[in-house]
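These protein sequence lines are chains A and B, in that order. Sequential numbering from 1 applies to the first sequence in our numbering. Sequential numbering from 1 applies to the second sequence in our numbering.
These aren't lab readings, by the way, just hints derived from the structure by calculation. You may find that some hints are simply not true.
Unchecked claim - Residues from chain B that face chain A, not an exhaustive set, calculated with beta carbons under 7 Å: (1) Val24; (2) Glu53; (3) Pro55; (4) Gly67; (5) His73; (6) Pro88; (7) Arg90; (8) Leu91; (9) Thr93; (10) Tyr247; (11) Val251; (12) Leu254.
Just so you know, even glycine gets a beta-carbon here, dropped at the ideal spot from N, CA and C.
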Amino acid sequence: MAEVARPGSAFSQPYGRGASGGREPANLADILERVLDRGIVIVGDIRVNLLDIELLTIKLRLLIASVDTARELGIDWWEHDPWLTAKDRDLVEENRRLRHRLAAAEEDWETPRRRSLDRWGERSPEEVKESREYREPRGPRKSRRGDRDG
Amino acid sequence: MAETGTYLYAIAQDLGRPLAAAVVGVAGAPVHTITHEGLVAYVSPVPLDEFGEEPLRRSLEDLDWVGETARAHHRVVEAVSEETPTAPVRLVTVYTGEDQVRDLLRHRHDDFAAVLAHVTGRREWGVKAYAAPAAADSPAEGESVAESGKPGTAYLQRRRASLRNREDVWRRAAEQAEHVHAALAAASVASHRHRPQDPELSGREDPMVLNGAYLVDEDRAEEFVAVVDGLRGQGIDLELTGPWAPYSFTVLDLGTAGLEVLDDT
Chain A
1 MAEVARPGSA FSQPYGRGAS GGREPANLAD ILERVLDRGI VIVGDIRVNL LDIELLTIKL
61 RLLIASVDTA RELGIDWWEH DPWLTAKDRD LVEENRRLRH RLAAAEEDWE TPRRRSLDRW
121 GERSPEEVKE SREYREPRGP RKSRRGDRDG
Chain B
1 MAETGTYLYA IAQDLGRPLA AAVVGVAGAP VHTITHEGLV AYVSPVPLDE FGEEPLRRSL
61 EDLDWVGETA RAHHRVVEAV SEETPTAPVR LVTVYTGEDQ VRDLLRHRHD DFAAVLAHVT
121 GRREWGVKAY AAPAAADSPA EGESVAESGK PGTAYLQRRR ASLRNREDVW RRAAEQAEHV
181 HAALAAASVA SHRHRPQDPE LSGREDPMVL NGAYLVDEDR AEEFVAVVDG LRGQGIDLEL
241 TGPWAPYSFT VLDLGTAGLE VLDDT
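For reference, chain B alone in the conformation it holds in the complex (with noise of 0.2 Å):
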């Protein structure tokens, strides 16, 4: 079973040149281009006998390889994004062939190239936004209720009180989220809230309150960063990550485009 796909990492503005340095994609295949009227697509060859359709679907059952795959993927992205508009790709995209890739690049030729135009010059910046932890957990004093001889009265009074405690310090900490997105927003060229992830895993304690990706100006981006700067502390914590590639800013679902070109054949 030598049969080999084609996995597509990103679809790019054309260098004209190869990447400064190879980069080598998932499966340790190393990664090449396919070009078409100033496109370029990221491909490299993977095994049909893990990334075909069957084996696809044990594999993302195996959360290491899931784990592996993705920042295989995600090492490609970045590499082509350093150096080219790059609009990126949804963890494996895998066609039969090279020539499925290239009609691709043919059929959507126009859309690509919009969304290339869109983040040209530019990157995309994380922050996350924690409810600050240091009022979070205090429960409210001077509820005078533990000596009346009930402490399990007592303890739901404490409770309610702590309850209603935390509940205003998250409501304070989102409403300065909502600053804090606006205000980055205004320095950004785009920008976009993305669900908060689960407090249990981002390992903090804290909730989080925003989980804001913004596109901003490569020239701008130091400013950028001066406005994060600016907004911290005041109820939240600030976690800033990035340059990305514009993961947040080239969602383009094109559902099965890619299968009308196989119906022709």
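One chain only, chain A, in its complex shape (with noise of 0.2 Å):
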């Protein structure tokens, strides 16, 4: 929370004035918001492609994670709502935990089901009994299947 400024310390050291005199940087990701979208637009004689920018514009995540170290990270003002990242990022953590979920339920069945195939002809009724209840989470996925659709 470096950068929330205090009452008096916005004053004494606003960001791009220190006391002693010498300049800190400001946050990039900040600056560039300013100098590639804001000001004044004219197209100099050399031409710039105004899509050049505005694609520059959308390599700017890159840029920053190439330039900037990673908490100082901080643009993307042109292409996404909060709630729609926000709705994409739980997506892809929501699979991820689905993926995990599968894998982990698929390891329960299969190694109880390969303990039993070792033991092949020893087996007790009970475990007989037990090595059918490992079906059954096959059910279950499918019926997740079903909640999800539904």
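Since each chain comes alone in its own frame, lean on the hints to assemble the complex.
Structure, rendered in structure tokens:
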């Protein structure tokens, strides 16, 4: 939270003018947001394709990753609605967790099955029953799909 | 290829004197001025093998180059804006020569003068608001589905509850952001809401709900900062930056205004 100015400190040390007179660089993302997107837009007679600038703004997230440390990041004002992005992130997270659960369920199902196969021929009736019960995870997996669709 | 172009940083009210300290621009060249009837353009020579049309297209692909250039550009704009009313010009605005910049000042004199009058004696402050982190991720408790023996269903229900909860947090934060923006707009001469920066890249998990810029009279800046501090808490986290050159309040799209000059020659 170093960037949050406190009363007084905002004046003794605003970001661009250290008390010593030295210049501290502002957050690069904040700078880029300003120098690319605001101010006076003129096409000089060295023509920069406006499309190039637009493409550039899309690339800025990469720029940030390559130029500054990750925690200084803070751009992407042009394309992302925070709600939408958050939903995207939730989907990614949900996908990851479901994969994890699926892998765990499959492992649960496989392990005792393998064990019982290894001991084929000397299984107790309980073990036979157990090996059948372990088929059950297949059922819930299907019904879970149903839940999602519904 | 010693050919050079003229890089334009900003247009400002003519100080009638040099800046207090010399400032170095992009490509390491010292910045100088071109004046015309009370206006001044801050420029520096740039090699066209780096800032020419084709090279620029390639340079803009080089993200390190862009970052470095942006910082240099910003450094000049800030140095100028600390001394005189300033209208920053967008990054990589390059002319073939100083005459073209002089023509631009002449042709658009009144536009520039009007923009500069608006920002005279004023600085820009940035305020960002984030949904406060505390409650955003806490799953809803007391949902009595976990014991049903259907872990998948329970999981999904928990997730839905958690999402609902999170949306509530954000909705409240967004409402609070409206309130903050209104209060800050009232404490400033002009205000502008920019698109919120991406949460993944802001370095914060919490979604940004406000990315505001406020044009504040220099002698009321302390008051403005006090208003910001009075608005802290209440479900959102406020981040104050500045003072900046008035980037958000000098927006003027002149398109190819400079080019008609070329057509004459």
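Hint check results:
1. Val24: Status violated, d = 12 Å.
2. Glu53: holds (6 Å)
3. Pro55: Violated - the Cβ of B:Pro55 stays beyond 7 Å from chain A, reaching only about 10 Å at its closest.
4. Gly67: holds (4 Å)
5. His73: Result: holds, 5 Å to nearest chain A Cβ.
6. Pro88: holds (4 Å)
7. Arg90: Given a least distance of 5 Å, the restraint on B:Arg90 holds.
8. Leu91: Hint holds; B:Leu91 Cβ to chain A Cβ min 4 Å, cut 7 Å.
9. Thr93: holds (5 Å)
10. Tyr247: Interface hint status for B:Tyr247: holds (4 Å vs cutoff 7 Å).
11. Val251: Given a least distance of 6 Å, the restraint on B:Val251 holds.
12. Leu254: Result: holds, 5 Å to nearest chain A Cβ.
Taken one by one, the earlier hints fail for this structure at numbers 1 and 3, listed in ascending order.
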